[in-house]
Amino acid sequence: MRNKWLFRAQLIFTLLVCSFLIVPVILSALAGITQNFFLGIKSGITLHWLGEVWQLYSGTIYLSLLIAIWCLIATLAIGVPAAYVLAKQNGKLARFIEEIIVLPIAIPGLAIALALIINYGGFRDFRTSWGFILVGHILYTLPFMLRSVLAVLSSTNFHELEESAASLGASFWQRFFTIILPNAKSGILAGALMVVTLSIGEFNLTWMLHTPETKTLPVGLADSYASMRLEVASAYTLIFFVMIIPLLIAMQKLSQKTNKV
Amino acid sequence: MNPTATSIKLTNCAKTFADGTQALKPLNLTVKAGETIVLLGPSGCGKTTLLRIIAGLEATDQGGEIYFNQQNMTSIAIEKRNIGMVFQSYALFPNMSVAQNIVYGLKIRKLKPQAIKQRLDEMLEMMQIEALAHRRIDQLSGGQRQRVALARAIAVRPNLLLLDEPLTALDASLRDRLRSEISELLQKLGITSIYVTHDQSEAMALADRIVVMDEGRIVQIGSPYDIYHRPKNEFVANFVGNVNQHPHVFNTDYLTLFRPEDAEIVEPSKGEFEAKIMSVLFLGDKSRLTLDCGFKKPIYVDTTLRQDFKTGMTISIYVEPERLIRLKTTDNSSAAVKES
Ligand SMILES: Nc1ncnc2c1ncn2[C@@H]1O[C@H](COP(=O)(O)OP(=O)(O)OP(=O)(O)O)[C@@H](O)[C@H]1O
Ligand SMILES: [Mg+2]
Chain R
4 MRNKWLFRAQ
14 LIFTLLVCSF
24 LIVPVILSAL
34 AGITQNFFLG
44 IKSGITLHWL
54 GEVWQLYSGT
64 IYLSLLIAIW
74 CLIATLAIGV
84 PAAYVLAKQN
94 GKLARFIEEI
104 IVLPIAIPGL
114 AIALALIINY
124 GGFRDFRTSW
134 GFILVGHILY
144 TLPFMLRSVL
154 AVLSSTNFHE
164 LEESAASLGA
174 SFWQRFFTII
184 LPNAKSGILA
194 GALMVVTLSI
204 GEFNLTWMLH
214 TPETKTLPVG
224 LADSYASMRL
234 EVASAYTLIF
244 FVMIIPLLIA
254 MQKLSQKTNK
264 V
Chain W
17 MNPTATSIKL
27 TNCAKTFADG
37 TQALKPLNLT
47 VKAGETIVLL
57 GPSGCGKTTL
67 LRIIAGLEAT
77 DQGGEIYFNQ
87 QNMTSIAIEK
97 RNIGMVFQSY
107 ALFPNMSVAQ
117 NIVYGLKIRK
127 LKPQAIKQRL
137 DEMLEMMQIE
147 ALAHRRIDQL
157 SGGQRQRVAL
167 ARAIAVRPNL
177 LLLDEPLTAL
187 DASLRDRLRS
197 EISELLQKLG
207 ITSIYVTHDQ
217 SEAMALADRI
227 VVMDEGRIVQ
237 IGSPYDIYHR
247 PKNEFVANFV
257 GNVNQHPHVF
267 NTDYLTLFRP
277 EDAEIVEPSK
287 GEFEAKIMSV
297 LFLGDKSRLT
307 LDCGFKKPIY
317 VDTTLRQDFK
327 TGMTISIYVE
337 PERLIRLKTT
347 DNSSAAVKES
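Sequences listed follow chains R and W, in order.
Here the first sequence is numbered in this note's numbering, starting from 4 and rising by one per residue.
Here the second sequence is numbered in this note's numbering, starting from 17 and rising by one per residue.
Accuracy of the hints is not assured; some may be wrong.
Unchecked claim - Straight-line C-alpha distance at most 16 angstroms; calculated EDC-like pairs for lysine to aspartate or glutamate:
(1) W:126 - W:95
(2) W:96 - R:166
(3) W:96 - R:165
(4) W:41 - W:74
(5) W:302 - W:277
(6) W:204 - W:224
(7) R:95 - W:35
(8) W:313 - W:250
(9) W:248 - W:269
To be verified - Label-pair restraints from in silico Cβ distances:
(10) W:239 - R:103: 54 to 62 angstroms
(11) W:28 - R:175: 28 to 36 angstroms
(12) R:249 - W:146: 39 to 47 angstroms
(13) R:103 - W:215: 54 to 62 angstroms
(14) W:146 - R:103: 51 to 59 angstroms
No wet-lab data here; the hints were simulated from the structure.
We put the beta carbon where it would ideally sit given N, CA and C, even for glycine.
Throw the hints in and build the complete structure from the sequences for me.
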């Protein structure tokens with residue numbers, strides 16, 4: 004009997020906490036499609052604000068996607084081979100390099116941005132291009148890709164798998180594409196989702212690195228919060244959710260799947 | 017014998033690892049075409065290292081050379097050596113089915129799909145794993161994995177088959193069954209094979225010749241019969257079975273040993289020495305007696321006599337002279353053995 008009460012109390016508490024977090028999100032999303040937020044939903048539902056956001060800010064959405072894709076390509080191209088090499092070496096040097104690559108996780112985004120501006124801010128063309136933001140994003144997301152791939156590689160005996168593939172006649176590249184990559188797939192996929200999600204949502208770094216010509220979605224959001232009608236800002240948030248939530252769900256699904264195996 | 021079988025020759029092969037461990041002292045070894053060689057020795061004696069050098073997974077130290085059929089392979093990479101290898105942990109590819117694992121080497125060699133299909137069926141049948149062809153690797157038992165690993169290694173028709181303790185991960189009864197299957201298989205195929213184990217009965221059952229190793233050296237090379245009955249030194253004698261020191265034959269130059277099954281229990285008048293039974297281990301087909309004959313070390317005797325031996329009884333023992341193992345005492349720490 005007491006257990007039952009305890010359970011109910013816990014359930015109610017959990018629901019309260021959830022609603023505390025979710026209600027503002029829902030309200031905010033709703034605000035993006037109501038005629039007038041102060042009159043409430045009865046003032047009517049409209050796509051007007053979404054249209055306005057699209058007109059004002061579609062550039063930031065494209066740029067965010069563009070940067071996320073290039074960031075993904077770069078972290079795959081750097082992170083996967085690096086993880087492979089690091090997993091193969093078990094010397095001190097390899098551990099040291101791993102620490103260095105992973106370091107940006109521990110450093111505040113603002114500090115990374117500042118370091119980038121101090122070092123490379125002088126190259127004007129570079130500084131004013133979105134490539135500058137991309138570099139920041141790569142630095143920031145690479146550790147996640149590396150960690151994720153490294154974790155799978157160290158949990159399989161891929162070293163021996165590679166040796167047995169070699170004994171069967173496979174050259175290095177054949178081994179890499181037929182053995183290493185397929186067996187690291189779950190880690191690569193998890194890393195990729197993480198990189199894209201982080202890159203699309205990144206604000207700290209990007210806020211420091213952007214120029215009026217190179218605004219990403221989160222920077223645009225901040226801008227709209229500061230200077231636009233509440234409904235426009237809310238509609239913008241709604242668009243952000245629509246982009247990011249499928250990624251989060253995919254990430255969740257993937258981790259469930261790999262946990263089961 | 018398989019007409020394409022390859023002979024192997026190692027000259028002066030040593031291995032010093034980066035951390036300074038000298039796993040192998042310089043050694044020579046010749047394996048005849050079609051022969052099955054077993055590398056036998058205690059843990060850490062360098063068996064795996066030697067096998068990996070032959071495979072091409074490790075380079076030998078400066079000065080060592082490896083020949084396959086008189087062709088110098090020393091600097092040829094493993095993927096060009098056309099070998100088949102079975103690892104202790106099988107190392108099957110988890111991203112592929114059983115069938116895909118087996119044909120991996122054939123695909124790499126760009127065989128025609130028709131030929132690949134045919135070889136696959138042949139392998140599945142030979143290893144009796146037809147029903148498993150489409151299974152994933154993690155759905156196989158240990159014994160089944162072992163068969164797949166063997167099939168995959170043999171499928172490429174290797175010049176040389178290398179097996180590193182392939183049965184160690186299996187339970188005892190399965191090990192016995194697979195051991196005789198592997199033995200039959202190696203005979204049938206006639207591929208030159210090198211098999212690593214630290215289990216002397218496995219070595220006896222499989223080998224044409226056994227190479228006994230200790231501390232990075234080859235201590236003796238010979239047929240199982242020779243190794244068992246004419247061991248070169250006390251280490252070999254002990255490693256391939258039990259031996260007793262004869263209590264009554266003393267000689268400072270020779271050590272006289274005999275095996276437990278070579279001792280006969282006889283009437284007191286015919287005995288060489290008397291001993292008291294300290295314990296009896298009845299094993300069904302035989303009894304193992306532990307005897308005390310006033311010596312530091314106990315003496316072990318195996319007997320098939322239908323007699324109910326009891327602790328405390330005194331019995332007389334006789335060992336036929338030709339069954340005695342005589343070792344030069346200076347031979348005990350014998351250095352590397354010359355390849356005959
Ligand atoms: N990569 C390595 N680096 C340094 N030392 C090594 C390396 N591999 C093996 N050794 C050492 O070389 C010696 C021989 O090792 P090896 O693996 O050949 O022994 P083994 O006879 O196969 O033993 P086991 O029966 O236990 O498998 C051991 O002392 C081992 O610690
Ligand atoms: Mg070994």
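Hint by hint, here is what the structure shows:
Restraint check for residue 126 of chain W and residue 95 of chain W: the C-alpha separation of about 14 angstroms stays at or below 16 angstroms, so the hint holds. Annotation: proposed proximity of residue 96 of chain W to residue 166 of chain R holds, straight-line Cα distance about 13 angstroms (limit 16 angstroms). Between residue 96 of chain W and residue 165 of chain R the alpha-carbon distance is near 15 angstroms, which keeps this suggested pair within the 16 angstroms criterion. Simply put, residue 41 of chain W and residue 74 of chain W have alpha-carbon atoms about 15 angstroms apart, close enough for the 16 angstroms limit, and the pair holds.
Under the criterion of a C-alpha separation no larger than 16 angstroms, the hint pairing residue 302 of chain W with residue 277 of chain W is consistent with the structure, at around 10 angstroms. Between residue 204 of chain W and residue 224 of chain W, the direct Cα distance comes to roughly 14 angstroms. Compliance with the 16 angstroms bound is thereby established for this hinted pair. For the proposed pair residue 95 of chain R and residue 35 of chain W, the alpha carbon gap of about 13 angstroms is at most 16 angstroms, so the pair holds. The hinted pair formed by residue 313 of chain W and residue 250 of chain W meets the criterion: a straight-line CA distance of about 15 angstroms does not exceed 16 angstroms.
With a CA separation close to 14 angstroms, the supplied pair residue 248 of chain W and residue 269 of chain W stays within the 16 angstroms bound. As the Cβ distance of residue 239 of chain W to residue 103 of chain R is approximately 58 angstroms, the hint placing it in 54 to 62 angstroms holds. Checked against the hint of 28 to 36 angstroms, the pair residue 28 of chain W and residue 175 of chain R passes, with Cβ atoms roughly 29 angstroms apart. Checked against the hint of 39 to 47 angstroms, the pair residue 249 of chain R and residue 146 of chain W passes, with Cβ atoms roughly 44 angstroms apart.
A hinted range of 54 to 62 angstroms for the beta carbons of residue 103 of chain R and residue 215 of chain W is inconsistent with their spacing of about 47 angstroms. Against the hinted window of 51 to 59 angstroms, the Cβ-Cβ separation of residue 146 of chain W and residue 103 of chain R comes to about 52 angstroms, which satisfies the hint.
Of the hints listed earlier, the one the structure fails to meet is number 13.
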